[in-house]
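Protein chains: 2
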Amino acid sequence: MANSIAQLFGIRYPIIQAGMVWASGWRLASAVSNAGGLGLLGAGSMYPEILREHIQKCKKATDKPFGVNIPLLYPDIDKLMEIIVEEKVTIVFTAAGNPKLWTEFLKTNGCIVVHVISSVKFALKAQVCGVDAIVAEGFEAGGHNGREETTTMTLIPLVKKAINLPLIAAGGIGSGQAMLAAMALGADGVQVGSRFVATPEASSHPDFKSEVLKAEQGSTELTLKELTPVRLLKNPFYDQIKKLYNEGASSEKLKEVLGRGRAKKGMFEGDLVEGELEIGQVAAQIDTLLPAESIVNEFITTYNATLKRLTPLG
Amino acid sequence: MANSIAQLFGIRYPIIQAGMVWASGWRLASAVSNAGGLGLLGAGSMYPEILREHIQKCKKATDKPFGVNIPLLYPDIDKLMEIIVEEKVTIVFTAAGNPKLWTEFLKTNGCIVVHVISSVKFALKAQVCGVDAIVAEGFEAGGHNGREETTTMTLIPLVKKAINLPLIAAGGIGSGQAMLAAMALGADGVQVGSRFVATPEASSHPDFKSEVLKAEQGSTELTLKELTPVRLLKNPFYDQIKKLYNEGASSEKLKEVLGRGRAKKGMFEGDLVEGELEIGQVAAQIDTLLPAESIVNEFITTYNATLKRLTPLG
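Going line by line, the protein sequences match chains A and B. Going by this note's numbering, the final residue of the first sequence carries number 314, and the count climbs one at a time with no gaps. Going by this note's numbering, the final residue of the second sequence carries number 314, and the count climbs one at a time with no gaps.
Treat the hints as calculated values from the structure; they're not laboratory data. Don't take each hint at face value.
Said to hold, decoys possible - So the derived label-pair ranges between C-beta atoms look like this:
hint, chain 1, residue 1, chain 2, residue 2, range
1, A, Ser210, B, Asp207, 51 to 61 angstroms
2, A, Asn98, B, Ala305, 34 to 44 angstroms
3, B, Val85, A, Ala96, 41 to 51 angstroms
4, B, Glu53, A, Thr228, 49 to 59 angstroms
5, A, Asn109, B, Thr228, 47 to 57 angstroms
6, B, Ser210, A, Gln56, 54 to 64 angstroms
7, A, Lys214, B, Glu298, 37 to 47 angstroms
Unchecked claim - Which stretches of chain B does chain A cover? Using the computed rule of at least three CB atoms under 8 angstroms from a CB of chain A, they are:
hint, segment
8, 72–84
9, 147–155
10, 182–196
11, 233–239
Just so you know, even glycine gets a beta-carbon here, dropped at the ideal spot from N, CA and C.
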């Protein structure tokens with residue numbers, strides 16, 4: 001039987017490269033799509049006209065399907081949506097917001113729409129809104145995350161049971177073994193973020209990539225739980241945020257310190273002291289910088305080898 | 001090739017029933033062992049002579065291997081160890097403490113020793129101490145847990161890479177699908193806690209079992225992170241602890257409120273208001289009270305069916 005996620009997007013392997021701020025531009029997305037996965041442009045860190053440029057460049061760099069990830073809280077979201085339609089992007093992943101707002105618009109304009117959630121409740125909401133598939137993201141994932149702290153291992157079976165849509169697992173998936181684990185749990189495909197940061201094609205700053213390679217167990221933490229849960233790589237900026245948070249600083253104060261520029265400073269400009277560094281727990285498993293194509297191939301090879309290694313019990 | 005965990009313990013299936021306070025006495029342990037898994041008596045909630053009684057009853061109830069789980073911080077631990085030797089228990093799982101203290105003693109007395117950890121660092125320490133296998137427990141697990149908050153999905157590959165011992169995965173494993181996922185990640189067997197609380201054989205209070213069946217996503221939280229991380233089912237006692245913790249109460253104050261009696265009150269006496277209720281995130285997936293034997297059989301059936309469903313990619 002054909003894989004529902006590969007079929008939905010018209011791709012070879014059900015591996016989606018997460019649309020990550022300051023990491024996934026046209027170079028990474030086209031490389032993943034050319035390798036048989038699905039590349040996503042991370043619109044969250046792009047001005048509208050920059051997104052247009054990346055879409056156009058991505059089209060030139062691959063004749064395979066690719067998509068765009070849009071955080072629904074993006075301030076100029078109308079402009080992003082205009083560009084999506086004008087540039088005839090056919091795959092859109094929406095995240096961090098209410099799927100009611102744009103799903104119908106995108107579907108009317110011929111897009112396949114996928115919504116990212118971290119809870120059963122929002123998976124059901126997204127299903128009602130008519131999305132074509134769901135990404136369920138566990139606690140171990142990098143960047144912004146849910147309040148329930150539900151891990152991928154626990155979340156995937158819960159969401160699978162609740163919805164009737166193709167399901168993509170995210171969070172903690174950095175190898176073909178973890179991909180197979182996700183599929184065993186009931187996922188139809190996987191979304192991989194952190195692993196694709198450690199590629200030459202990611203637009204992330206080389207110094208940030210080095211930090212990802214150095215990361216060990218415990219190097220990240222999900223912080224700001226009551227305000228806006230986000231998994232950060234521990235650095236002096238994280239220490240500062242953590243200290244303020246523990247002292248009971250107001251939301252306003254925290255938002256001021258967080259600011260939007262911090263993520264760019266850290267992940268794009270390579271300021272490892274003052275910048276915000278978002279990465280998943282799985283960074284502890286990542287020791288090599290590899291081309292995106294090699295990562296896709298390694299996932300598939302390991303997936304198949306692991307499946308072959310497993311034998312029935314009893 | 002034979003499964004290393006099944007071989008180590010001389011059991012049919014590499015499923016270990018976690019030794020849980022106020023849940024796993026001789027009835028549960030013998031039922032799991034009779035079903036082909038490995039039952040463990042949870043010594044943490046037993047006075048030494050009570051443990052002796054449970055060991056003797058367990059021996060009468062099964063001719064299969066079973067073991068004892070001992071938290072190394074147990075106050076009268078010398079007495080527990082004496083009983084282990086006197087009663088010729090041959091399988092001991094140690095947890096919550098330094099494996100240096102008792103591993104050699106237990107090995108000298110002919111025991112197979114397994115140590116429970118939640119970090120690579122302690123896995124390596126346990127290996128140096130000469131244990132025979134490791135249980136690696138993820139963030140989603142119930143009860144006491146590590147500070148790193150590493151999820152099962154991320155932890156298992158890290159520990160697998162670091163050690164040369166048979167590896168048992170714990171945390172979030174409530175079905176044969178999750179068991180297969182754990183094996184794909186590199187585990188040789190699984191330790192299952194929460195799922196076995198929802199059995200008639202568990203000595204937990206029926207009202208606590210009902211709460212486990214009712215649990216949904218977000219019903220548990222890992223709290224007291226700086227003091228002694230523990231995953232609790234949210235109830236008025238949890239609210240009280242959480243409030244004190246957020247107000248910055250001293251360790252002494254928190255320890256006083258926590259007290260040792262709270263766990264017994266909640267899980268054994270069924271006081272859902274004033275008692276401490278320990279359970280894993282996976283409780284959200286548990287909707288039925290089933291005999292331990294049925295759970296073991298269901299795990300194996302689902303494991304094999306899931307393995308059969310998965311096909312190579314590419």
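Verification of the hints:
As the Cβ distance of A:Ser210 to B:Asp207 is approximately 53 angstroms, the hint placing it in 51 to 61 angstroms holds. Distance hint check: the CB atoms of A:Asn98 and B:Ala305 are about 37 angstroms apart, consistent with the given range 34 to 44 angstroms. Taken as a hint, the range 41 to 51 angstroms is violated for the pair B:Val85 and A:Ala96, whose Cβ atoms sit roughly 58 angstroms apart. Range check, B:Glu53 to A:Thr228: Cβ separation about 52 angstroms, and the 49 to 59 angstroms hint holds.
Distance hint check for A:Asn109 and B:Thr228: the Cβ-Cβ separation is about 53 angstroms, which falls inside the suggested range of 47 to 57 angstroms. Here the CB-CB span from B:Ser210 to A:Gln56 is close to 59 angstroms, well matched to the stated 54 to 64 angstroms. In this structure the supplied range 37 to 47 angstroms holds for A:Lys214 paired with B:Glu298, their Cβ-Cβ distance being about 43 angstroms. Evaluation of the coverage hint for the segment 72–84 of chain B: breached, as 0 residues show C-beta separations to chain A shorter than 8 angstroms, against a requirement of three.
Evaluation of the coverage hint for the segment 147–155 of chain B: fulfilled, as 9 residues show C-beta separations to chain A shorter than 8 angstroms, against a requirement of three. Figure legend: the segment 182–196 of chain B, annotated as covered by chain A; annotation consistent (5 residues with Cβ-Cβ distances under 8 angstroms, at least 3 required). With 0 residues bearing a CB less than 8 angstroms from a CB of chain A, the segment 233–239 of chain B misses the requirement of three and the coverage assertion fails.
The structure is inconsistent with the numbered hints 3, 8, 11, although it conforms to all the rest.
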